[in-house]
Amino acid sequence: MKYVEIYKIKQNAQVVLATFSLNGSVIECQGDKNFCESITSSGIQNYSEGEGATLYPKDGELFLSQLQNNFKSGYLMASGILEK
Amino acid sequence: MGDEGFFSDEYANWQAGAETLRPPSFSTPSPKEQEISSLESGSGTHLEGGSCEILLFELIGDGRVIGKPFNGEKGLKGYENIPVGTMYKRERAAYLVDRYLELGLVPPTVIRDVWGSIGSAQEYIPDAKTLREEKIDFTNHALKIDLQKMWLFDVLIQNVDRHLANVLAKKEKLYAIDHGLCFGDYMPKSVYPTSGEDLFEEATTPFISLAQNTEALAELAAELEELLSESELAYFMARVETLSNKLKEKSQLDLFDVSDIHESGKTGEAE
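If you read the protein sequences in the order shown, they are chains A and B. Each residue of the first sequence is one higher than the last, beginning at 0 in numbering that gives the first Met the number 0. Each residue of the second sequence is one higher than the last, beginning at 0 in numbering that gives the first Met the number 0.
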């Protein structure tokens, strides 16, 4: 199963704030409720098409792949696509 | 020279909270900038994730910083005219514009050694949450002003990367972060475009005032010369004037206005 972790800084380390998992064709978000709701409702930017569209969990693996470009400030960081 | 080192007496008085709270001139670095520039780096960590390399490390004596080394930068598709290896300079440039506007949105940011590489170092705001985690009351007047200022700021610096994860909230104050993709030739993006909404004077005054302050503008231009290309600086200066003119004429800024401001930057001629 493919998944992406979202890391948040806590004291001097990072902790997992939320995880997006691709379960079949469905992306599920587990973790911080506000965060999951925010992503589900307002989406993320699709940098794979330059000045492109918004991606939502329904966009599957493309959505997963673009999380890393959206969460890169340090305060929130997205892993690449992981597998388990 | 006082006991603090190389600070002038005037500067030392300001540090001590003298009546004049602003520094002697805009170009004088703030105490926090001085600290971030000069304090030795202590322990820290490479942060996992993201598309660029980012470090979080302590400054021996005071606080932590988010460090972005130039050799850890990665470009984004569609934004190729923002060269890799220049993003750290844009972080500093954005902070300087914020400082000259006296917005107080961007945490102090300097250029310094970042664990063996030149890069940007920005004050880390502990316990701050991004707007992805924290729901804010968009009707709160103070927050609304901050959001309007941030939008105008993003229009001015042509920030293509403003989204909910690049706005921090802590104790009813907002912070703007992640400015590596600014000052390029792209239309700005915002979390709070104000089309159809009247702009508050508290939000517009800094932009009008800076445009009218030729001395401050000259100082800012001199500092930005080190950080931006000649054309990027020229386009920015044109946008300062065009944005100010629009804010003096109108109480709202719609997308056509934003497009005009963007285009004035391209030609280098203010409207």
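No lab work stands behind these hints, which were simulated from the structure alone. Among the clues, some could well be false.
Okay, derived cross-link-like pairs now, SDA-like style, lysine to any residue, Cα gap no bigger than 25 Å in a straight line [said to hold, decoys possible]:
#1 B/K170 with B/N80
#2 B/K76 with B/G183
#3 B/K134 with B/V190
#4 B/K73 with A/E36
#5 B/K76 with A/A52
#6 B/K170 with A/V14
#7 A/K9 with A/N33
#8 B/K76 with A/S78
#9 B/K73 with B/L226
#10 B/K172 with A/S20
#11 B/K143 with B/D197
#12 B/K170 with A/V15
#13 A/K32 with A/E48
#14 B/K188 with A/Q13
#15 B/K134 with A/K1
#16 A/K9 with B/A168
#17 B/K73 with A/Y55
#18 B/K172 with B/D184
#19 A/K57 with A/N33
#20 A/K9 with B/K76
#21 B/K169 with A/G30
#22 B/K249 with B/E224
#23 A/K9 with A/S24
#24 B/K249 with B/H140
#25 A/K32 with B/E47
#26 A/K1 with A/E36
#27 A/K32 with A/Q10
#28 A/K9 with B/G62
Predicted model only: the values in this text are computed from it and were never measured.
So, going through the hints one by one against the coordinates:
1. B/K170 with B/N80: 37 Å, violated
2. B/K76 with B/G183: Holds, at about 14 Å.
3. B/K134 with B/V190: 13 Å, holds
4. B/K73 with A/E36: 29 Å, violated
5. B/K76 with A/A52: 13 Å, holds
6. B/K170 with A/V14: Measuring from Cα to Cα gives roughly 22 Å; hence the hint holds.
7. A/K9 with A/N33: 17 Å, holds
8. B/K76 with A/S78: Holds: B/K76 and A/S78 sit about 19 Å apart, inside 25 Å.
9. B/K73 with B/L226: 18 Å, holds
10. B/K172 with A/S20: 33 Å, violated
11. B/K143 with B/D197: OK: B/K143 and B/D197 at ~11 Å, within 25 Å.
12. B/K170 with A/V15: 23 Å, holds
13. A/K32 with A/E48: Not OK: A/K32 and A/E48 at ~29 Å, beyond 25 Å, violated.
14. B/K188 with A/Q13: 28 Å, violated
15. B/K134 with A/K1: Distance of about 29 Å is beyond 25 Å: violated.
16. A/K9 with B/A168: 16 Å, holds
17. B/K73 with A/Y55: OK: B/K73 and A/Y55 at ~24 Å, within 25 Å.
18. B/K172 with B/D184: 30 Å, violated
19. A/K57 with A/N33: Holds - the C-alpha atoms of A/N33 and A/K57 are around 18 Å apart, at most 25 Å.
20. A/K9 with B/K76: Status violated; Cα separation ~31 Å.
21. B/K169 with A/G30: Status holds; Cα separation ~21 Å.
22. B/K249 with B/E224: 31 Å, violated
23. A/K9 with A/S24: Violated, at about 32 Å.
24. B/K249 with B/H140: Measuring from Cα to Cα gives roughly 20 Å; hence the hint holds.
25. A/K32 with B/E47: 22 Å, holds
26. A/K1 with A/E36: 20 Å, holds
27. A/K32 with A/Q10: 21 Å, holds
28. A/K9 with B/G62: Measuring from Cα to Cα gives roughly 15 Å; hence the hint holds.
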